[in-house]
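Chemist: Here is how the chains run, residue by residue.
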Amino acid sequence: MHELLQTTVNGLTTGCLYALIALGYSMVYGILKLLNFAHGDLYMVGAYIGYFVIQWFGGPNAVSIPVPLLLAIMVLLAAVGVGVLGMAIERFAYRPLRDAPRIAPLITALGVSFVLENTVLLLFGGFTRSYSTPTFISFNSGITLDGVRIDSVELMIFGLSFAMMYGLHQLVQRTTLGKSMRAVASDREAAEMLGINVDRTIALTFFIGSAMAGVAGVMSGLAFNQISNTIGFLAGLKAFTAAVVGGIGSIAGSMIGGLLIGLCESFSASYVSSEYTDLIVFGILIATMLLRPTGILGQKALQKV
Amino acid sequence: MTDPAQIGRDEWVARSADRRDEGTGLRRVLNQLDARVGWWPRLAAVALGGVIVGQLLTNVNLQQVGFNSLLYALLALGLNIAVGWAGLLDLGYIAFFGFGAYGFAIFSSAALGTGGSGGAHLPAIEIIVIVLAAAGVVGVLIGLVALRLDGDYLAIVTLFVGQAFMEVVNNVDPGTLGGVNGLFGLDPLHDFGGQVSSTLGYYYVALAALVLVAAVLRLLDTSRTGRAWRALRDDPLAAAAMTIPVNRLKVMAFSFGAIVGALAGILFAAQQSTVFPTNFTANILILIYACLVLGGVGSITGAILGGIVVTVAEQMLSSPTDAGYLFYGLILLALVAKVRPWRRLAWVLGGIVALGFAAHGIVSLISSSAVAGHPGSTGWIGSVVSNYVIVPSNPVGYGNVLYIVVLCAMIAVVRLEGVRRLLAVIPTVYIAACCWESRLIVNPAITTQIMIGVVLIVTMAARPQGLLGSRRVEIV
Chain A
1 MHELLQTTVN
11 GLTTGCLYAL
21 IALGYSMVYG
31 ILKLLNFAHG
41 DLYMVGAYIG
51 YFVIQWFGGP
61 NAVSIPVPLL
71 LAIMVLLAAV
81 GVGVLGMAIE
91 RFAYRPLRDA
101 PRIAPLITAL
111 GVSFVLENTV
121 LLLFGGFTRS
131 YSTPTFISFN
141 SGITLDGVRI
151 DSVELMIFGL
161 SFAMMYGLHQ
171 LVQRTTLGKS
181 MRAVASDREA
191 AEMLGINVDR
201 TIALTFFIGS
211 AMAGVAGVMS
221 GLAFNQISNT
231 IGFLAGLKAF
241 TAAVVGGIGS
251 IAGSMIGGLL
261 IGLCESFSAS
271 YVSSEYTDLI
281 VFGILIATML
291 LRPTGILGQK
301 ALQKV
Chain B
1001 MTDPAQIGRD
1011 EWVARSADRR
1021 DEGTGLRRVL
1031 NQLDARVGWW
1041 PRLAAVALGG
1051 VIVGQLLTNV
1061 NLQQVGFNSL
1071 LYALLALGLN
1081 IAVGWAGLLD
1091 LGYIAFFGFG
1101 AYGFAIFSSA
1111 ALGTGGSGGA
1121 HLPAIEIIVI
1131 VLAAAGVVGV
1141 LIGLVALRLD
1151 GDYLAIVTLF
1161 VGQAFMEVVN
1171 NVDPGTLGGV
1181 NGLFGLDPLH
1191 DFGGQVSSTL
1201 GYYYVALAAL
1211 VLVAAVLRLL
1221 DTSRTGRAWR
1231 ALRDDPLAAA
1241 AMTIPVNRLK
1251 VMAFSFGAIV
1261 GALAGILFAA
1271 QQSTVFPTNF
1281 TANILILIYA
1291 CLVLGGVGSI
1301 TGAILGGIVV
1311 TVAEQMLSSP
1321 TDAGYLFYGL
1331 ILLALVAKVR
1341 PWRRLAWVLG
1351 GIVALGFAAH
1361 GIVSLISSSA
1371 VAGHPGSTGW
1381 IGSVVSNYVI
1391 VPSNPVGYGN
1401 VLYIVVLCAM
1411 IAVVRLEGVR
1421 RLLAVIPTVY
1431 IAACCWESRL
1441 IVNPAITTQI
1451 MIGVVLIVTM
1461 AARPQGLLGS
1471 RRVEIV
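First to last, the sequence lines map onto chains A and B. With the numbering used here applied, the first sequence corresponds to residues 1 to 305, in that order. With the numbering used here applied, the second sequence corresponds to residues 1001 to 1476, in that order.
Worth flagging that the hints you see were computed from the coordinates, not collected in a lab. Treat the hints loosely; a few may be bogus.
Stated by the list, open to error - In silico SDA-like cross-links for lysine to any residue, where the CA-CA straight-line distance does not exceed 20 Å:
1) A:K179 / A:I150
2) A:K33 / A:F124
3) A:K33 / B:L1149
4) A:K33 / B:I1411
5) A:K33 / B:V1348
6) A:K33 / A:D199
7) B:K1338 / B:G1350
8) A:K179 / A:G167
9) A:K33 / A:M87
10) A:K33 / B:Y1153
11) B:K1338 / B:A1462
12) B:K1338 / B:I1411
13) A:K179 / A:L204
14) B:K1338 / B:V1348
15) A:K33 / B:P1236
16) A:K33 / B:D1234
17) A:K33 / B:L1237
18) A:K33 / B:D1235
19) A:K33 / A:G167
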């Protein structure tokens, strides 16, 4: 029972991170019908930004400012930095291809992902870097519920993820920007005719989606401690699975999908075998696509001819 | 110029069409020649050229490069079936390559024996027949999954297939598949009492395989099946309405691609005499994509050319002397191709040279340690540029900063127009040269990867049909 609960908590932590990445995937896919392979690498860049913020403020052993302030700076800088990077990628790599055959932007996305991964490798080296979180956030902080420990990093991940998802939901449903996002997603040309600035809307979508991936990167660095230039690929793949399982284009769906994938992973690691985790996630993806291609909450896409 | 607002013609296609105009002078003659010569004399010429090149490959390193070129050409050909003809973005292709390699490894090593001895050790023909048939079946199975998926979903599922292949060979049954240590001590290709033992021998085997596959694919391309694939690629719905069996064609495309990929895998494993899981990562997949995209998606000649160009370029990058030729040669080529008229070109080139020597002179007057480093290039290029580029004694951090600056400068060049663009080109090229000499050339492996990514992005933006591909007409 005890182990079961602990596994659940761990799974939910990973799941929140997947959900945050999945949201970006889902938003970009919804608005451009583009599978942005570079999204996982944006998450990796976010993790690196967080790492260098820690180094800038004295390193994990001698943080020169209060820890909550440090965390806030890490999250903010990663969000803004990665968001701007995402916008730049959209502007210079994807926008020229907006009316090209579907396969062209996909190949460009592969290229962008490859360039990002190797740029980080060139600039910062290929070795694994450590956030050393326990040295500045005590491992014993946090709460213990009935013997199940939830440490403060996990609490922060839960809080921040849910807050961001709620904020995003409000943004998409309540604001003008959200309305124009939905309009562009459902019919770009019609939206343009109605006076919506399509380029600006798409750029902002990329900004928001990438910023969330950046925040997810920082939090994964805090939670798992280890970052390298290759963490983006698999995380991106699983987050996409989460987006598909939940129903691509749906915010709540991405969240549920992310949590489900996280839980599956942690349960299969504890009760089956950690070596087969990826294969199990893959199996879930295939099963979802074959049995319910629209995902849990997705709507059936109308094929436009 | 085509009027962008013309009805019934996609603007993007029209722009590409303009770029691929008939041309004049020598280009026109070449185009006409191109139209007259049939496919089999060309293939015979390629085969003959391959044999002649084989005779010229005197040392083992060159022979290895030759073999790799042909191997990647073969891989690109196989990928082209699904991606170029049928329009299915298959990101799991690497699994078929790996399947062929592991298939060969299992039947030609001690993997099926016990305790490192025994095993199957089958002759080449039997292995090839078994493995290719099995690969065809696996291709059908994956194709069946693909039937229910469209475009992007297909891409992600097949990407997972590639990942799953890695997981399987890493984790499942390490006794047979070798786990992370891979399989080693494979027999060379052998049959009828003889065996292929030298790299040059494998070069000729690969050449024969490539010519054979290219001939079969050429016949397939113009057959009913080939035409149906293209119809499927351009518009699945319309193809289905014309009673084209869409499902069967998709499965066939996967299956044929799988067979070609597996054949390449067999050659690869036999030549290496080892297989490791890391031979089949996503990086290799992207390399194959770069070959195909650069050569031209949908074109047999393009796939072969792309395979050769990418492999040779990769090899050149790893040698500090040859990498200089590649880098400065490409810059010169791009300038000559893009800057017109020649008077302007002369100004730009003069500006680039003058800026460099001036900057080097000024900086060396201010601080001698700032120019104390040596350029990464060797040979005569190295000695020429040693008074041209600024390389400090500790170039790592400096090179990293320059790398970011180069990226920003390149974006600026793309954004600017007219004379301003030309003015921006001059410092960009100079900074790029400094960055190249101080940082990029020192890390050939990473530089290769970055350049592959850039090739994908730039080709898609500037010339989507690749060097030799045919234009895709997207019906709007």
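Chemist: Against this structure, judge whether each hint is valid.
Modeler: Evaluation of the provided hints:
1. A:K179 / A:I150: violated (38 Å)
2. A:K33 / A:F124: violated (33 Å)
3. A:K33 / B:L1149: holds (15 Å)
4. A:K33 / B:I1411: violated (25 Å)
5. A:K33 / B:V1348: Given pair K33 (chain A), V1348 (chain B) is violated - Cα atoms ~41 Å apart, limit 20 Å.
6. A:K33 / A:D199: Judged against 20 Å, a Cα distance of about 15 Å means the pair holds.
7. B:K1338 / B:G1350: holds (16 Å)
8. A:K179 / A:G167: holds (15 Å)
9. A:K33 / A:M87: It holds: about 16 Å lies between the C-alpha atoms, which stays within 20 Å.
10. A:K33 / B:Y1153: holds (11 Å)
11. B:K1338 / B:A1462: Holds. K1338 (chain B) to A1462 (chain B) sits at ~12 Å (cutoff 20 Å).
12. B:K1338 / B:I1411: With a Cα-Cα distance of about 17 Å, the restraint between K1338 (chain B) and I1411 (chain B) holds, given a limit of 20 Å.
13. A:K179 / A:L204: Holds, because 13 Å separates the two Cα atoms, which is no more than 20 Å.
14. B:K1338 / B:V1348: holds (12 Å)
15. A:K33 / B:P1236: holds (18 Å)
16. A:K33 / B:D1234: Distance of about 18 Å is within 20 Å: holds.
17. A:K33 / B:L1237: Roughly 19 Å between the alpha carbons, so the hint for K33 (chain A) and L1237 (chain B) holds.
18. A:K33 / B:D1235: holds (17 Å)
19. A:K33 / A:G167: Distance ~23 Å between K33 (chain A) and G167 (chain A) Cα, so the pair is violated.
Of the numbered hints given earlier, the model fails hints 1, 2, 4, 5 and 19; all others are met.
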